[in-house]
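Taken in sequence, the protein lines are chains F and H.
Just so we're aligned, residue 1 is where the first sequence starts under the UniProt record's numbering, counting upward by one.
Just so we're aligned, residue 1 is where the second sequence starts under the UniProt record's numbering, counting upward by one.
Hints were generated in silico from the structure; no laboratory data involved.
Just so you know, not all the hints are guaranteed correct.
Dumping the calculated DSBU-like pairs for lysine-lysine here, alpha-carbon to alpha-carbon at most 35 angstroms [said to hold, decoys possible]:
hint : chain 1 : residue 1 : chain 2 : residue 2
1    : F       : 461       : H       : 206
2    : H       : 309       : F       : 483
3    : H       : 264       : F       : 1138
4    : F       : 472       : H       : 122
5    : H       : 237       : F       : 461
6    : F       : 1255      : H       : 309
7    : F       : 485       : H       : 125
8    : F       : 483       : H       : 125
9    : H       : 229       : F       : 461
10   : H       : 122       : H       : 309
11   : H       : 112       : F       : 483
12   : F       : 472       : H       : 98
13   : F       : 730       : F       : 472
14   : F       : 181       : F       : 423
15   : H       : 264       : F       : 472
16   : H       : 206       : F       : 483
17   : H       : 125       : H       : 146
18   : F       : 472       : H       : 295
19   : F       : 1255      : H       : 112
20   : F       : 483       : H       : 33
21   : F       : 461       : H       : 125
22   : F       : 769       : F       : 395
23   : F       : 1278      : H       : 146
24   : F       : 485       : H       : 309
25   : F       : 485       : H       : 295
26   : F       : 255       : F       : 298
27   : H       : 33        : F       : 472
28   : H       : 309       : F       : 1300
29   : F       : 461       : H       : 98
30   : H       : 123       : F       : 1255
31   : H       : 146       : F       : 485
32   : H       : 163       : F       : 483
33   : F       : 571       : F       : 769
34   : F       : 485       : H       : 98
35   : H       : 123       : F       : 461
36   : F       : 472       : H       : 214
37   : H       : 98        : H       : 315
38   : H       : 338       : H       : 309
Each chain, written out:
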Amino acid sequence: MSSGKPLLSTSEPSSATSPHHRRHSSLTIGSLGRLCHNTSISSSVTDGSQHSNLSDHNDELEDELEEFDEDISPLGGALRNSVECPAYLRTRKKFKPVDLQLQLPLPERKLLVSWGGVTDPQHVWSMREVSGASSQAVSSGIQDYLNKSQRSERFLQISMQLKENLTHHDNPRLIHINDPKRTNDNFEYSGNEIRTSKYTFLNFLPKNLFIQFHRVAYLYFLAIAALNQLPPLAVFGRTVSLVPLLFVLTVTAVKDGYEDWRRHRSDRNENNREALVLQSGKFHPKRWKKLQSGEVVKICSDETIPCDMVLLNTSDPSGIAYIQTMNLDGESNLKTRYARQETNKLVLDGTIISGVITCEQPNRNIYEFTANLEIKGQRYPLSQSNIILRGCQLKNTEWAIGVVVYAGKDTKAMLNSAMSPAKRSRLETYMNRETFWLSVFLLIMCLVVAIGMGLWLNTHKNQLDTLPYYRKIYFDKKKFGEKYKYYGIPMETFFSFLSSIIVFQIMIPISLYITMELVRLGQSYFMIGDRHMYDSSSDSRFQCRSLNINEDLGQIRYVFSDKTGTLTENKMEFRKASVWGKQYGSTLSVDGTGDTNVGAEAVLEGRRTWKLKSEITPDSELLKLLHNDLSGDERIAAQEFFLTLAACNTVIPIATQSPSSSDTDSTLRASYGIVDYQGESPDEQALVAAASAYGYTLYERTSGHIVVDVNGEKLRLVVLGLHEFDSVRKRMSVVIRFPNDSVKVLVKGADTSMFSILKRDHPDDNHTKHATQSHLNEYSSEGLRTLVVASRDLTGEELVEWQSTYEDASTSLTDRSIKLRQTAALIECDLTLLGATAIEDKLQEGVPEAIESLRQAGIKVWVLTGDKQETAISIGLSCKLLTADMEQIIINGTSESECRKFLCDAKAKYCVKSANSCDQISVWRQNTESDYLEIPLGTKLSSLQQQHAGQEEGASFGPLALIIDGNSLVYILEKDLESELFDLATSCKVVLCCRVAPLQKAGIVDLIKCRSDDMTLAIGDGANDVSMIQMADVGVGICGQEGRQAVMASDFAMGQFRFLKRLLLVHGHWNYQRIGYLVLYNFYRNAVFVLMLFWYILYTAFSTTSALTDWSSVFYSVLYTSLPTIVVGILDKDLSHKTLLKYPKLYSAGYRQESYNMSLFWITMLDMLWQSLVLFYVPLFTYRDSTIDIWSMGSLWTIAVVILVNMHLAMDIQRWVVITHISLWGSISITYSCMVVLDSIPVFPNYGTIYHLAKTPAYWLSILLIVVVGLLPRFIFKVLQQIFWPSDIQIAREAEIMSKRRHFFGSKPDRISS
Amino acid sequence: MALEPEYSPSDGRKWTETESWPKEQNGLTWMEKFTQQELPACKPILTPGLVITTLISIGIIFVPIGLGSLSASEHVVEIIDRYDDACVPSNGDDEAAKSERLSFIQNVKTNKTCIRNLVIPKKMKHPIYVYYQLDNFYQNHRRYVKSRSDRQYQSPRFERETKTCDPESEIDDHTPIVPCGLVAWSLFNDTYRISTENDPIPINKKDIAWQSDKNSKFGSNVYPKNFQKQDPVGGGKLNESLPLSEQEDLLVWMRTAALPNFRKLYGRIETDLEANENITVVIQNNYNTYSFDSKKQLVLSTTTWIGGKNDFLGKAYITVGGICLFLAIAFILTYVIKPRPLGDPAYLSWNLNSKER
């Protein structure tokens, strides 16, 4: 797959593209992206009024375009005009529809998405990836950005407003350093006390009730209870009717209360921590909650930062502080923050600083901070690199002093602690449909009762006064002739309607919502506790962050996966190197101690004094080369190569003495330490570690110099300047003065950006270049990440020129980054190629197996990545997503028409039927379903081939794989092409999207969500996956290295990708089966009861009498029958996890909706009808013409219905554990005990009933008859279904139990199966 | 059914979290089994054996019960005599006849004695229960059922708790009626006297109400007050010198019937009645059922363990038992003719599909 022969086109621009052109385009794109990268100075603050002709909600964009202008201005004004305006205008128009289509439904979700999308640096990364070679890509970048800006309108408006505020000094936040009183004088800034709890002791009840009554179900409850308070309608006792509502409210309130109590507790702990605060010249400890804005706080090493502070001084003379932002964004590496030199000096002098910080209002953007510091009349700009945020930890720095700017709820950490948006499960939405039908039944029943009442009254209207059982007037003298609760026939009819609603209220199973909540809670408990989803390496358990969508896990059809950190570990490992055109490291994959290595080890011994935490086995040949005393180009290149790896980075070495060193020689011990590397980029860490393995150990880094230990000799290198990696140049360089006063530029960068700036005259170099190029291709086809390393000697003049511009640029207050980039361009040219590195992004454990299982389960796995196409394909191959026999359709168009052509060609070639979606789906279903056959017969292959042959008329090809890049997606995600893509993509087995921006990920998820009914799951670990995770029906976050934002936004979070298999196939399946059954059973349970009441009402002259006592009616769904359903909903398992994992195809029951669908509902309702008739008429016939009284009858019905529904449940339980037994038989016993208790209270009219009844055999016989007759049809139906139409689950279950039984009894297998 | 312990997943997968999840020798502790959802469980499947056994055992249990209760029901001797038409002077459906009937029944002074002659069809062993049966009388009407005050009946302290008794709660100036409510007000007051040709047969009216009602529900110190003192009179009057707990007719009446056609116990005959014996019933036809379409019947019946004469249970049991046996046979045949081996993967849908192709 090295050069991608089957590709329809290649996306990587060939190196022949003119450098000038390339630079231009990349620059512009970069400028677009740069603003997102909020670490840079926001020049937009100062001159935002220039482009007033543009609409204001695109202010951000304006700012960008400004920079964009300035960016290309040195390259010529002609280009500028041609690119800027048309691109902007065109795209604005063009992208409206897409925006609308991608709009998220809920406003709060929108906000969250925008937050995730706009502010993360990952975004920028992928933006950069989008850039192609042509100017078209520019527009795509803008379009992309526009998309974003549209969506994040709200966010932008806020930030825009803030900026304006700051510029116009309308409402800036003024912080007087070390003067909290003055700071808080005019404006009451919030203190540092935090409150994540929702309630206080006092407002708990009203607030909790208010929140609870947002649910429609509760309002229904309330309305029913209120109706019941009306005198003519008092069907139940007034207090009794309130019980269910109160019960539900209490349960929820207790749950909320407990959760809130826990939050209170953690708040208290947090608030009572102590920090050192400058008070009258000395630092005194003070509780966190007492901290105020303006105070000066001292933080010691490893302490957590209590509030957002501007750094004033640190223990480092140059004002550097290292912080770990784990709590904030989850990144475990250290980040550098700087105190302004000015304040640093001031504090050092010991003078008490006084100054004013003018900063923006609190906002949740953790990557941006804009402020000014005014000391002694001089103003200094402050940026994100000067602020340390609450929740971070100070590391590697003895102490740091800062001034509090945001405290408490204003801190960025607190502003960001938003919960993920609530999602509703698919099943629950379907449930609403059935609830509607139940409401229709309810209405019909009430109408029947009301009309019956009207007719009855009408026929008896002359007798009403004399009927002994219906008196409408008073007879006593005082009120003689007055109507007694009689309002005329129409009103009576109406009241009858209302009161029948009260009687039949539980037809709408309100308690179901609570039951489901409890069941999901229980399910989550077991999912969290599942040791198979426990990641021991990161000590992270499975997390259920959303409790509403457990059952959705059983219905997933599409899995959208991020690559880096999700499929791969995001732990970079140095694998191969190409030095001076020669490849090394091919033996690396063979583990360590081969013969060839022995010599090298020997060479190494004694010289190598540094131990790394992660060991790399160096390539022996390369080592030999390095230690060869012969001089030559090759050796120099190799040495320089590793020097570059060691020096050209921003990694911070942390040297610690090895505690295990027992060497008596003190000098040796001193130098024998462990170096741990901390850095923002795992790639850099891997490279530095690799250099160290080859004897070039980065040992010390300060702002001015670095120390590299070269085979034991310490080499002190003065760092003259450092051009950090940015997304435009895609490279970083460092200017270094060697001890011998020679100055070198060491550069490393992406291959695309490096080859164009190499020295291009030497023929030898050309040879190296070509060799390296081919190596690079090889590496990337293996799924390795590549970087090119080059260097250059600087002459004196060049150095002087560069130094002056560098000085100028790095102190510039405006457009610093642009100026720096221009400076970098001065020296990043005419480079000598040294070599290239290949870093492996290791696949996570079990990923190929998991993907294979998921695919067998009929789930389509799509990989969406920001990586290059080649990398993506290679990862796809290595995780078995792509297989060699697949036909790859590659789409990377650079214009709309091109994309259309690609799509249409592909569709024509592979006979994908478009437009007619039915055909479409059937083709695809066949594809997916015929591929994994459990019976390994010879027929499998032939049948497959036949099928394909029949299907495709001659042209035979394997399964399809679609590979599409983000650039094409920009064009395709417009309406008309979207459907083409959908058709094509759904007929492919695999879809790989590379170089996609975060919002494009969401767009792709949305494509499937909108156009099909299938459930989607998105899994990712980084901030760039947030939008995708929130867009998908189910979002899964990986607690990886890239941060917690994905986890924060997710519904479920886990440690490893491979757990997804178990999550879906096992837990998803179980949860879906359980909830599906639970819902049907609850519908049935309530309906059978209501219908029983209904039949009786027909025998009471439509007077809505209930034979059951009020308490029994209330207890029925709350106490008598609720526990078993909950237990079954939590604990029942149809299949063991082993079977489910062994036969992934069993998962298809979920997305085929086998456990819950319309026809099951209607069958259940028919069953319910039969059972209710049996329930009603058996006692009726048994006690026809007898002395039975209403309460005895009610008692019989109560107990009969409870036993019946419980037996119904018992018949469907698949797995009886102790708890199931207890709950089921316990429920029946509880019912009996309740009946006994209720019948033992003399003031109830039903006093003594049960004692009397239980003595008669007819009572027991009728109960038995009811249960058997009621359940017989269901039983027969079940048996018939199992004999003639067994479901897959049924068969698997039989197989599982039978094999176990055989095993258990030790009997010999007479295996019937073929 | 098979009860089989499901042991820990000690399969070959790489799950060796020895530090965090201590494993015991013999699988897991109970708590761990619980959290891993691996508790020992009984997993029933509908094997042919199970299905057929269930059906046959239902059949075997049900048929004898049915036969037993049917024969018991057959043994019950029951005489039903409808007397409401015969005991009023005018019959007919026209308005005049109706109003005549009404005026007859509502007039206190008319002689309402009515004599009915009955023949005992079969020998009736004592105790013979005397019931009155009312048809189309909705004692279960909500307005009726609710119109009572159980607290008032229980104790004199709650005499004034008559709010739920409307419209028969009090007379005139807030004097409470005891017992209040429509139910008590409409007390049935026909009386029967039975005699053979020569001797009267005593009807024992003691202990016709539930003991529990007598003992606790109706107070032995609650005496009727102001009951049936105003027009129109609903039904029977009560002896004001007897406490409510002694007024057993009232107690029986107050246990309102579940269905519109109901019987209530009037008394017991403690002697046997021979077959073909002629008995005479003297009825005081006081109760007004003529204002609505109702029937009054006198019922003499013996009882057995199953209760009165009702062959529903017997027939139902026999039918269900029979159906089950029949189904059992049908299933046996099915399993013989077209067996489906349990757990055969060949029947899995995807395997079936592949075969068809």
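Going through the hints against the structure:
1. F:461 <-> H:206: violated (40 angstroms)
2. H:309 <-> F:483: Outside the cut-off at roughly 43 angstroms; violated.
3. H:264 <-> F:1138: violated (64 angstroms)
4. F:472 <-> H:122: Roughly 47 angstroms between the alpha carbons, so the hint for residue 472 of chain F and residue 122 of chain H is violated.
5. H:237 <-> F:461: holds (28 angstroms)
6. F:1255 <-> H:309: Holds - the C-alpha atoms of residue 309 of chain H and residue 1255 of chain F are around 18 angstroms apart, at most 35 angstroms.
7. F:485 <-> H:125: violated (49 angstroms)
8. F:483 <-> H:125: With Cα atoms ~51 angstroms apart, residue 483 of chain F and residue 125 of chain H exceed 35 angstroms; violated.
9. H:229 <-> F:461: Roughly 26 angstroms separates the two Cα atoms, so the pair holds.
10. H:122 <-> H:309: holds (14 angstroms)
11. H:112 <-> F:483: holds (32 angstroms)
12. F:472 <-> H:98: This hinted pair holds, its Cα atoms lying about 22 angstroms apart.
13. F:730 <-> F:472: violated (92 angstroms)
14. F:181 <-> F:423: Violated, because 45 angstroms separates the two Cα atoms, which is more than 35 angstroms.
15. H:264 <-> F:472: holds (26 angstroms)
16. H:206 <-> F:483: violated (39 angstroms)
17. H:125 <-> H:146: violated (39 angstroms)
18. F:472 <-> H:295: Given pair residue 472 of chain F, residue 295 of chain H holds - Cα atoms ~23 angstroms apart, limit 35 angstroms.
19. F:1255 <-> H:112: The hint is violated at about 39 angstroms.
20. F:483 <-> H:33: violated (67 angstroms)
21. F:461 <-> H:125: Between residue 461 of chain F and residue 125 of chain H the Cα gap is close to 46 angstroms, so the pair fails against 35 angstroms, i.e. violated.
22. F:769 <-> F:395: Violated, at about 42 angstroms.
23. F:1278 <-> H:146: violated (44 angstroms)
24. F:485 <-> H:309: violated (40 angstroms)
25. F:485 <-> H:295: holds (28 angstroms)
26. F:255 <-> F:298: The hint is violated at about 40 angstroms.
27. H:33 <-> F:472: violated (65 angstroms)
28. H:309 <-> F:1300: Judged against 35 angstroms, a Cα distance of about 53 angstroms means the pair is violated.
29. F:461 <-> H:98: holds (16 angstroms)
30. H:123 <-> F:1255: Roughly 27 angstroms separates the two Cα atoms, so the pair holds.
31. H:146 <-> F:485: holds (12 angstroms)
32. H:163 <-> F:483: holds (16 angstroms)
33. F:571 <-> F:769: holds (29 angstroms)
34. F:485 <-> H:98: holds (28 angstroms)
35. H:123 <-> F:461: violated (46 angstroms)
36. F:472 <-> H:214: holds (31 angstroms)
37. H:98 <-> H:315: violated (41 angstroms)
38. H:338 <-> H:309: Measuring from Cα to Cα gives roughly 46 angstroms; hence the hint is violated.
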